[in-house]
Amino acid sequence: MNKVSREPRPFLDFIGTVWAMRRAKIGVVITGLICVTAAVGPHLAPFTATEFVDMPNSLHISGALFGTDYMGQDVWSRFLMGGGSILFLGAVSTAIGVLGGAMLGVVAAYVKGSLNSIIMRTFDIVIAFPGILWALLLLSMMGTSNWLIILAIVISTVPRVGRIIYGAAVAVVEKDFVSAATAIGESRMRIVFREVLPNVTSTLLVETNLRFTYSIGGIASLAFLGFTSDPTGANWGTMVQENSSAIILQPWGTILPVFAIALLTIGTGLIGDAFSRVSAGIDRGRND
Amino acid sequence: MRILKFVLRRLAFGLGALIAISAAIFLVTQGLPADPAKTILGRDATPESLAALRSVLHLDRSLFSQYWEWLTNVARGNFGTSFTTQMPISSYLGERFSNSLFLMIVSSAISIPFALLLGGYMALRRDSLFDSAGSFTSLVFAAMPEFVMGTGLIVVFATTVFHWFPAVVYLEEDASAWSDPKGVILPIATLVMGCIPYVSRTMRASMIEVLESDYIEMARLKGVSERKVLLRHAFPNALGPVFQVSALNIAYVVGGAVIVERLFNFPGVGSALTEAIRSRDLPVIQFLSLLIGSVYVITNLVADVATVLVTPRLRTTLP
Amino acid sequence: MTSGLRIKNLRLNVEGSGEDIVDEINLTIEPGKVLALVGESGSGKTTVGLAVLGHARRGVVVVHGEIHCGEREILSLDDENKRKVRGDLVSYVPQDPASSLNPALRIGVQLVETLEAHDFGGSDSARRDRVREMMSEVLLPTDEDYLRRYPHQLSGGQQQRVGLAMAFACRPSVIVLDEPTTGLDVSTQEHVLATIRQLTREHGVAALYITHDLAVVADLADEVAVMYAGRVVERGLVKDIFMRPSHPYTRHLVDAAPDIAGKKKVIGLSGRAPAPGKRPSGCAFALRCEMVSDECLSTFPVEVVVNDSQKARCIKVGKVVRSIFTASDEASTRVQGSPILDLRGVDAGYAGVKVVHDVSLTIRKGECLALVGESGSGKTTVSRAIGGLHREWSGSMNFKGVELAKGSRQRSTENRLAIQYVFQNPYGSLNPRRTIGDSIIRPLAIGGQSKSEAKRAVFEVLDQVNLPAAYATKFPDQLSGGERQRVAIARALVSKPEVLVCDEVTSALDVLVQAAIIDLLDDLRKNLGLAMLFVTHNLPLVRSIADEVAVMSEGRIVEFGSAESVIGDPQQEYTRSLISATPSIERSMR
Numbered sequence: 001m002n003k004v005s006r007e008p009r010p011f012l013d014f015i016g017t018v019w020a021m022r023r024a025k026i027g028v029v030i031t032g033l034i035c036v037t038a039a040v041g042p043h044l045a046p047f048t049a050t051e052f053v054d055m056p057n058s059l060h061i062s063g064a065l066f067g068t069d070y071m072g073q074d075v076w077s078r079f080l081m082g083g084g085s086i087l088f089l090g091a092v093s094t095a096i097g098v099l100g101g102a103m104l105g106v107v108a109a110y111v112k113g114s115l116n117s118i119i120m121r122t123f124d125i126v127i128a129f130p131g132i133l134w135a136l137l138l139l140s141m142m143g144t145s146n147w148l149i150i151l152a153i154v155i156s157t158v159p160r161v162g163r164i165i166y167g168a169a170v171a172v173v174e175k176d177f178v179s180a181a182t183a184i185g186e187s188r189m190r191i192v193f194r195e196v197l198p199n200v201t202s203t204l205l206v207e208t209n210l211r212f213t214y215s216i217g218g219i220a221s222l223a224f225l226g227f228t229s230d231p232t233g234a235n236w237g238t239m240v241q242e243n244s245s246a247i248i249l250q251p252w253g254t255i256l257p258v259f260a261i262a263l264l265t266i267g268t269g270l271i272g273d274a275f276s277r278v279s280a281g282i283d284r285g286r287n288d
Numbered sequence: 001m002r003i004l005k006f007v008l009r010r011l012a013f014g015l016g017a018l019i020a021i022s023a024a025i026f027l028v029t030q031g032l033p034a035d036p037a038k039t040i041l042g043r044d045a046t047p048e049s050l051a052a053l054r055s056v057l058h059l060d061r062s063l064f065s066q067y068w069e070w071l072t073n074v075a076r077g078n079f080g081t082s083f084t085t086q087m088p089i090s091s092y093l094g095e096r097f098s099n100s101l102f103l104m105i106v107s108s109a110i111s112i113p114f115a116l117l118l119g120g121y122m123a124l125r126r127d128s129l130f131d132s133a134g135s136f137t138s139l140v141f142a143a144m145p146e147f148v149m150g151t152g153l154i155v156v157f158a159t160t161v162f163h164w165f166p167a168v169v170y171l172e173e174d175a176s177a178w179s180d181p182k183g184v185i186l187p188i189a190t191l192v193m194g195c196i197p198y199v200s201r202t203m204r205a206s207m208i209e210v211l212e213s214d215y216i217e218m219a220r221l222k223g224v225s226e227r228k229v230l231l232r233h234a235f236p237n238a239l240g241p242v243f244q245v246s247a248l249n250i251a252y253v254v255g256g257a258v259i260v261e262r263l264f265n266f267p268g269v270g271s272a273l274t275e276a277i278r279s280r281d282l283p284v285i286q287f288l289s290l291l292i293g294s295v296y297v298i299t300n301l302v303a304d305v306a307t308v309l310v311t312p313r314l315r316t317t318l319p
Numbered sequence: 001m002t003s004g005l006r007i008k009n010l011r012l013n014v015e016g017s018g019e020d021i022v023d024e025i026n027l028t029i030e031p032g033k034v035l036a037l038v039g040e041s042g043s044g045k046t047t048v049g050l051a052v053l054g055h056a057r058r059g060v061v062v063v064h065g066e067i068h069c070g071e072r073e074i075l076s077l078d079d080e081n082k083r084k085v086r087g088d089l090v091s092y093v094p095q096d097p098a099s100s101l102n103p104a105l106r107i108g109v110q111l112v113e114t115l116e117a118h119d120f121g122g123s124d125s126a127r128r129d130r131v132r133e134m135m136s137e138v139l140l141p142t143d144e145d146y147l148r149r150y151p152h153q154l155s156g157g158q159q160q161r162v163g164l165a166m167a168f169a170c171r172p173s174v175i176v177l178d179e180p181t182t183g184l185d186v187s188t189q190e191h192v193l194a195t196i197r198q199l200t201r202e203h204g205v206a207a208l209y210i211t212h213d214l215a216v217v218a219d220l221a222d223e224v225a226v227m228y229a230g231r232v233v234e235r236g237l238v239k240d241i242f243m244r245p246s247h248p249y250t251r252h253l254v255d256a257a258p259d260i261a262g263k264k265k266v267i268g269l270s271g272r273a274p275a276p277g278k279r280p281s282g283c284a285f286a287l288r289c290e291m292v293s294d295e296c297l298s299t300f301p302v303e304v305v306v307n308d309s310q311k312a313r314c315i316k317v318g319k320v321v322r323s324i325f326t327a328s329d330e331a332s333t334r335v336q337g338s339p340i341l342d343l344r345g346v347d348a349g350y351a352g353v354k355v356v357h358d359v360s361l362t363i364r365k366g367e368c369l370a371l372v373g374e375s376g377s378g379k380t381t382v383s384r385a386i387g388g389l390h391r392e393w394s395g396s397m398n399f400k401g402v403e404l405a406k407g408s409r410q411r412s413t414e415n416r417l418a419i420q421y422v423f424q425n426p427y428g429s430l431n432p433r434r435t436i437g438d439s440i441i442r443p444l445a446i447g448g449q450s451k452s453e454a455k456r457a458v459f460e461v462l463d464q465v466n467l468p469a470a471y472a473t474k475f476p477d478q479l480s481g482g483e484r485q486r487v488a489i490a491r492a493l494v495s496k497p498e499v500l501v502c503d504e505v506t507s508a509l510d511v512l513v514q515a516a517i518i519d520l521l522d523d524l525r526k527n528l529g530l531a532m533l534f535v536t537h538n539l540p541l542v543r544s545i546a547d548e549v550a551v552m553s554e555g556r557i558v559e560f561g562s563a564e565s566v567i568g569d570p571q572q573e574y575t576r577s578l579i580s581a582t583p584s585i586e587r588s589m590r
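Top line first, the protein sequences correspond to chains A, B and C. For the first sequence, my numbering begins at 1 and goes up steadily by one. For the second sequence, my numbering begins at 1 and goes up steadily by one. For the third sequence, my numbering begins at 1 and goes up steadily by one.
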């Protein structure tokens, strides 16, 4: 129970407990596999993404194990190259979105008054309309550069993370140690950063992971709909859309990318689930 | 009586949210650099025709007055005319809306009761094989984006493994969705598989919390039969949080099912909006956005009111 | 004996391990009698109580034992028969009435439910009559409108009475009450105890009353069993246990219990009871016992018979001496300290609603003023206003000649540090993500002190609260409740305050720990010349720490004076009724 002998490091203990769960290990392995494929893939691809190899939508081609796609390009090569941008955009948009949402959520919880209302009402309004539609509006009006795609995902992420962190932060703000900090004259900023924020980290970890899963899904979905910064380049999302009409002739063009996206989101989902179970256990145990 | 005041207040807030959303949509579509007139007439349009079109469409007025005009029209029931088809919007979008409504009703009717029972049972048999397997499956389905799930279903049931269903929905112009029952099965299945994980997970967590509570222990210690403990004490108290999640899922189908509609070629509101966005048909964009926003607002309102009605503590302490 | 309650050789383990939670439990209760099961938190008393109903919480298993309620043995019953017995033959009154009632069902429905589950009365109308009968027995209204209420529409005392009604509904032979008056006001507690006494005697019910409050035990119980670390270490008649305790732990408990009529000084005991799994093979109390010898550490003592009814598990039975502190163990020739904080005509409220009216107090240097009252009296609001945590007040607060600003942020640094506040809940007043040292050092760091000087101050203050310097690098969840409260006090002391506001600082602590903290506060007050405001609802505690007392009710000060005169010779009706409703060991022994 209470390890009186050594000095505990709460964060590392948390990670250790998470790692001990089987689903976390499976999730890490799966996610790692896909990430490695996406990162290393481009260097292993036998052909380039746009190189014409043989007749479109044909199988049984020597040198191309999974056949050609709708433009005669090598499915296997495009598959190996198709994950990088999704992962990169997913990571960046998650990082920005979670950071922004967490800051706003914590500030709203601590400050109360009109700032709180403004922040929370804005969240409600953004969430009241499907995220994908905000993204479609933005991207079709303003273009599909990488930064705009990131912005579209961030718009979806910030209010949702903000709401969750707000809920967690409100519980912390009620606690006596925050009042104690106010009583000794701590500045508001310090209280937000040193008292409140560190006590919502377990929620934050869970949300980060969840949002990463959704960001990847969202970016792939947008690519599927044709909203990507490089329309001809290799991208798992666009591949699904491009090759789905020929699925009866050439299933691999669709199956490989679908499989990859599924595995990636499942992997991150498993890790996130492990996080949430451990943090729920910790939070429950702390209620003495 | 207090409930009525509560409903009215939430309604007022919902209306406010709708206005804010429509204003935001207006801003995004017309306040941005892209010129709708140019998009409609194409790049080769002459400056004179562009100017003429702009004045016809009132695009030369200030943003605020355009918005105000639109808002007052909507309040009067005049939803505008589509740029592309030149027809009044309300007439030809009715079919799309009823199709989406059909999807919404059928998929919700299937998924929500099933998810409630599933989640409740998983909580009862907590940590059993059923629970672990169920949680894992639920996780898998929740994490995957819809187009992945939909494509997977197509691959398995339509094209590659089995050939039971068509891969897309073949509907003629103005035909309604239920005239092709076989075709709508896969889209509905995709939506159902996307909805069940969330609702069942929320129900499971809520049920577990209830089952751990003091009053459940007390009911058992009074000698109440296990069946009564579950049906009368546990289940009703676990439903509270479920309303919100259900509302979100229900509302999603109407507008957020853009991906599913595209994948299966389903003629619903989501794909209508996508098309309108592509062709810069501003009145249609604005109208459909309002419609989708209204669906969200109404379902959230119903969920909030239901939550209050079902929780006596909230019901009796309404301000 | 074929009635009453008999527990034989009961043992429960932690599921999945061989560790015992409770063991060798042997108790007998005759019909109509009340046996108090006393112990601190973690002693296993709730586990025993639930076992009497054949129930064990998650992670707990019955290893062996027999429990006879009347003629039936409970532990060997199958699930369906256990269900039949619960509420009918043996029933349970839980600790927290608010959370034990289904918030979504009307109380009438929940009352009838017990009767329906056991088919009491045979018909719906007979059951309705019985419900009305039950409600009048516990002095609650019997009309339809009241029965249609939801639990949250009842007060805490009313909820507890509903719980009692449900427990007595099917006329059980045995009843287990688990700390049923915790959290209730003293006046409500008096009524509830009277109801329990009356119902058990009238219906010949054997009652097992679980509690940590010795004064209640003295008032209500016929016999006592004391539990420590999962074993019953002493049992016997109430008078014997209190006047001639045989086990050292019992003696410490009696010495630590505050008493409104008897002695003044409370004596604490440091250390903690070993948790399940960490219990030694010898006597579990040995390491804290002043009479410990090698023999004690090797084998667990068996029960020694002291007299007809008294048994204790100690090899040194007969050598325990009860320390009796009567009044005036302290010289009453005290020079009254000079006033340091003066309140005049203070009103305070929440969101425009006034809850404190026209309060005037004087706190003197080197003295402790106790602010007592029941819940809702406004005492916490006043103390928070003084501490700068509550800003909605008006009136005058004069500190050393200067008017205090309303919030702590608005006060000068000097004033902010001079008045320090210690919170009630030791589990919420320390940031779980910071080490103890970090939490304590903050006021100094803000004040701009050099790091080395601040560090020295931290060690100095840890020493003052009797905590080892090594604790500075620990995290709060490694400490016990009492230790955390000491840290909270240390944090308040580090800025060298002149006024210390203690808001119910011992309410969440066990009685031995509470006594140690009271001791500490008293010493600090004397050594550092602190002016102390001690807020509490625990009237008996006041005698052990306060020089002066102010009694509050409904936002006003009802009576004020020296501790001796207010408690010993109260002038106001409210004070008098409060004191007479407070159970006292001394009074019950006469």
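One thing to keep in mind: the hints can contain errors.
Said to hold, decoys possible - Taking CB as the label site, the calculated pair distances span: (1) C/L528 to B/V7: 23 to 33 Å; (2) A/R22 to B/V161: 21 to 31 Å; (3) C/P103 to A/R22: 32 to 42 Å; (4) B/T46 to A/G32: 35 to 45 Å; (5) C/A445 to B/S132: 46 to 56 Å; (6) A/P231 to B/F114: 45 to 55 Å; (7) A/R121 to C/R197: 32 to 42 Å.
Unchecked claim - Not everything, but these chain C residues come out facing chain B in the computed CB check (under 7 Å): (8) T182; (9) H191; (10) G352.
FYI, nobody ran anything at the bench for these hints, they're computed from the structure. Think of the CB as a built atom: it goes at the ideal place given N, C-alpha and C, for glycine as much as any other residue.
Going through the hints against the structure:
no.: 1; hint: C/L528 to B/V7: 23 to 33 Å; verdict: violated (60 Å)
no.: 2; hint: A/R22 to B/V161: 21 to 31 Å; verdict: holds (30 Å)
no.: 3; hint: C/P103 to A/R22: 32 to 42 Å; verdict: holds (37 Å)
no.: 4; hint: B/T46 to A/G32: 35 to 45 Å; verdict: violated (58 Å)
no.: 5; hint: C/A445 to B/S132: 46 to 56 Å; verdict: holds (49 Å)
no.: 6; hint: A/P231 to B/F114: 45 to 55 Å; verdict: violated (40 Å)
no.: 7; hint: A/R121 to C/R197: 32 to 42 Å; verdict: violated (56 Å)
no.: 8; hint: T182; verdict: violated (14 Å)
no.: 9; hint: H191; verdict: violated (22 Å)
no.: 10; hint: G352; verdict: violated (15 Å)
Violation of the numbered hints given earlier is confined to hints 1, 4, 6, 7, 8, 9, 10; the remaining hints are satisfied by the structure.
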